[in-house]
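Student: Protein chains in written order, with the numbering used here: chain A, 886 to 1180; chain Z, -9 to 229; chain G, 458 to 810.
Some clues are possibly wrong.
To be verified - Below, simulated EDC-like cross-link-like pairs (lysine to aspartate or glutamate); rule was C-alpha separation at most 20 Å, straight line:
1. Lys52(Z) with Asp16(Z)
2. Lys100(Z) with Glu86(Z)
3. Lys495(G) with Glu609(G)
4. Lys147(Z) with Glu646(G)
5. Lys977(A) with Asp129(Z)
6. Lys77(Z) with Glu646(G)
7. Lys125(Z) with Glu107(Z)
8. Lys50(Z) with Asp149(Z)
9. Lys43(Z) with Asp55(Z)
10. Lys128(Z) with Glu725(G)
11. Lys147(Z) with Asp102(Z)
12. Lys43(Z) with Glu785(G)
13. Lys43(Z) with Glu(-6)(Z)
14. Lys60(Z) with Glu646(G)
15. Lys50(Z) with Asp12(Z)
16. Lys468(G) with Glu711(G)
17. Lys1108(A) with Glu646(G)
18. Lys128(Z) with Glu177(Z)
19. Lys52(Z) with Glu(-6)(Z)
20. Lys1012(A) with Glu1103(A)
21. Lys43(Z) with Asp9(Z)
22. Lys52(Z) with Glu177(Z)
23. Lys468(G) with Asp102(Z)
24. Lys766(G) with Glu785(G)
Bear in mind the hints are in silico, worked out from the structure with no lab data behind them.
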Amino acid sequence: MMIHNLLDILITGLILGGIYALIAVGLSLQYGVGRVLNIAHGEFIMVGALTTYSLYTVFGVSPLVAIAVITPALFVIGYLLDRTLYNYLRKKSPNADAFSATSLLASFGLLFVVQNLMLLIWGANLKSYSYLNTSVSIFGALYGFNRLLALGVAVGVSIVFYIFIRSTRLGKAIRAAAENPTMAQVMTVNVKQVLAICFGLGAALAGLAGILYSLIFELQPSKGIELTIIAIVVVVFGGLGSITGSLIGGFLLGLVTSIVNFIDPSLSLVAFYLIFILLLLFKPSGILGRQIHAD
Amino acid sequence: MMLEGTNVTHSFGGLMAVDGADFHVDQGQIVGLIGPNGAGKTTLFNIVSGAIKPTHGTIKFKGEDITGLKPHQICRRGMARTFQTVKLFANMTAFENVRLALLFGNPDRKIDRRQAEREVNQLMASMGLLSERNKPVKDLSLATQKRLEIARALATKPDMLLLDEVMSGLTQKELNQAMQFIRQLRERGITIFMIEHVMQAIMGMCDRIIVFHYGSKIMEGTPQEVVNDPTVNSIYLGK
Amino acid sequence: MLISTILYERKFALTIIIASIVALAFAPALLAEYTLIKLITILMYTILTVSWTIFSGSTNYISLATAALFGIGVYLSAVLNNSLPLPVIILISGLASFILAFLIGTLTLRLKGVYFILFTLGVTALIRNVVQWWETHFTHTVGRHVPGVGNEIVYGYILAIFSITLLASFFLRHSSIGMALQGIGENDEAAEHIGINVTRIKILTFACSAIFMGAAGAVMASRWRYVDPGIAFDPLLSFLPVLMAIFGGTSRLEGPIIGATIFTLLREFLITKYPYLYMLLMGLSLIAIILYLPGGLVVQAIRWWIWLKIQWAKTKFQWQMLKSRWREEWRPKVSMWLAQWWLRVQWRLGRKR
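Chain A with its partners taken away, still in its complex shape:
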């Protein structure tokens, strides 16, 4: 019985962790490289989730196929957003702190715009669909195939992304830019392009995370904010300039959530904030972050 519970917690933890890792890496790309505090991140996740829902329930399109549709679409949207809105604000801001403030406010506005659009299209009620809900047996316990699928995709993408960010030239450049944006500006030929690509990648990952989220959970436009908060805590936990930190932190905090859910589900946000508070008190730079000096 105990092993059953432990396995349950572990697998749920990994599923959650996979999704958390994706949304955190997405946010980390946007803040780490472009210094944009995109608090509308959760809204993009829900857009991905709800679009998948509609594609499946209305057009019968499988969520796996939806990945190929939604992820590029959100990449383009994110890319364009950065090239137009955030780039304009970047040019007009005298320093990094001022840009943090204005980009945050712009994202704040975006949050309300996107959430209202979602409410108009999908309404405020909970929605869900079941796809590949057949049960699979692991060590005597039953798990929905859709959950395992989500886990598989999340872990797969995470691994691919990890390899990308560690080994390829573009990946290393992104990591370097995230750790030291001013240096990156000196070394990159087309800064605007790189920043916009990173923002677009962040949005694409949000969309992907949303698709996986929709396989498992119930959907509602107002759930965006709690996902943003989770992404924020994971990014701070992993370290504000570290993309790998967000990846690893996502899985770790997914496990933590799973454990807390076992005890009392309504306390998961409290647990997150306790971790946030401990980080702020003892290691604001996160587990993998370095002491970041003046921007």
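Based on these hints, arrange chains Z and G on the given structure of chain A.
Tutor: Relative to chain A, chains Z and G alone:
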């Protein structure tokens, strides 16, 4: 000794910006700090002024240990500084910049508004800044801004002034005026510790020069000794 | 701490403030009940916006915790309303908000601004969750009812809190602390190096600004009559003051007041006419304001006013130029031609005779 640093070290993720530096500045002197770019000079200033904490070592100012104190505490003990990239309050007027420093840099004095105004005007007049006092800082020329930053630092009534590359970007005439001004400061009893690249200023003003390379002191002495030192020459090859 | 004597210079502004407060005091006697209720809402948003601006206006530390700090007042009032008189509850709520803001500040204001912003984003949801959890597990209450005290009394309290908030903001702006805050907003490293204890000033200013939010919340509970965690800790109340402050502009005292007034009325209008679109429109307005009105409406209006005055002066000048040219160049010529023409006519007439 006005300022004394012992084994000051600062490592940043494996990078040793400052590595076991021992240095001192005596009262009433003008001491120069030179070295190639990246040698850790500004980092040292940041440690001394309290902007960053050293990983090892101690700093003593006027005989008291100030290691780990915050910048505002060190400022109130009588140390002021300027910055390599001018850090003025850009949208405030020149007058307001200096007044703020006057009000907060001297906590033991109760100054009322009119007296503060008088003192700020006096200080700015003595530095030839009175005519610019109501202009927002962002409208001033770089040379004026640098002068203003020094004025702001002086408003806190320091015993020691840290100057970070104040001479860069000045014309020959401005350079001479600046050097004259700094010598006057010394006569008023203020100890000067300055980072500089402009050789004319270093040679012309400093009583002693400390040479920094890769985060530690490689040599110190009078300007003559430093100029003739073979190690220094090899580092500054071509400079 | 040095408080400068400012009355002799800012007498004009202070007179306007006091006059407005006195005028507003007569509102219950002069206005219809419906308008009075609207005025209460306007004053509430103004309190939140002005308090928000006290700290977040000069520094780049954007607080998204307004809903939490206000909500604490609302909820405490709902919990305590049977045991204590309203003025005491207001004081306790103010204190509670101060403590919460002080804790948040101590945790985050030592660090870069981004931590503060991110932390305050989730704080409202966190407190709502905690309160909900507590109510479900311990007190088993879903919602609470608050006895009403009549709109006029609510108005009285709100006006009092509004007055104090306004005066506090006014005096702070012109005091040395206010100047220090401005310096901190411009360059906090430089501010620290001229002797300003940046962290302490930030924490204390943020905490003090929260008092007004909590006090206002305590009063509004009596107005709303029914309170539950969702109503008390409504995230919209973190968003709207920010929108209003940015719209009005944060560099002058009138900014938040005008922004709050205009947007409260706008919101009332939009909610009734476009109930499904108003959030969208608010979001778009915020983006538009950041892009096109970065200093806020008040500053922009002042710029337009100055531009208008310049245009008017130019026009007057050109008119004067035209008049003097007329006098000196054209009128003599025209008079001469007229005289010549008249003579010619006379001569022709003379010849005909």
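Student: Each hint should be assessed against the structure and marked as holding or not.
Tutor: Status of each hint after checking the structure:
| no. | hint | result |
| --- | --- | --- |
| 1 | Lys52(Z) with Asp16(Z) | 10 Å, holds |
| 2 | Lys100(Z) with Glu86(Z) | 18 Å, holds |
| 3 | Lys495(G) with Glu609(G) | 12 Å, holds |
| 4 | Lys147(Z) with Glu646(G) | 19 Å, holds |
| 5 | Lys977(A) with Asp129(Z) | 17 Å, holds |
| 6 | Lys77(Z) with Glu646(G) | 8 Å, holds |
| 7 | Lys125(Z) with Glu107(Z) | 16 Å, holds |
| 8 | Lys50(Z) with Asp149(Z) | 14 Å, holds |
| 9 | Lys43(Z) with Asp55(Z) | 13 Å, holds |
| 10 | Lys128(Z) with Glu725(G) | 42 Å, violated |
| 11 | Lys147(Z) with Asp102(Z) | 17 Å, holds |
| 12 | Lys43(Z) with Glu785(G) | 77 Å, violated |
| 13 | Lys43(Z) with Glu(-6)(Z) | 16 Å, holds |
| 14 | Lys60(Z) with Glu646(G) | 11 Å, holds |
| 15 | Lys50(Z) with Asp12(Z) | 11 Å, holds |
| 16 | Lys468(G) with Glu711(G) | 16 Å, holds |
| 17 | Lys1108(A) with Glu646(G) | 39 Å, violated |
| 18 | Lys128(Z) with Glu177(Z) | 32 Å, violated |
| 19 | Lys52(Z) with Glu(-6)(Z) | 8 Å, holds |
| 20 | Lys1012(A) with Glu1103(A) | 6 Å, holds |
| 21 | Lys43(Z) with Asp9(Z) | 13 Å, holds |
| 22 | Lys52(Z) with Glu177(Z) | 19 Å, holds |
| 23 | Lys468(G) with Asp102(Z) | 19 Å, holds |
| 24 | Lys766(G) with Glu785(G) | 28 Å, violated |
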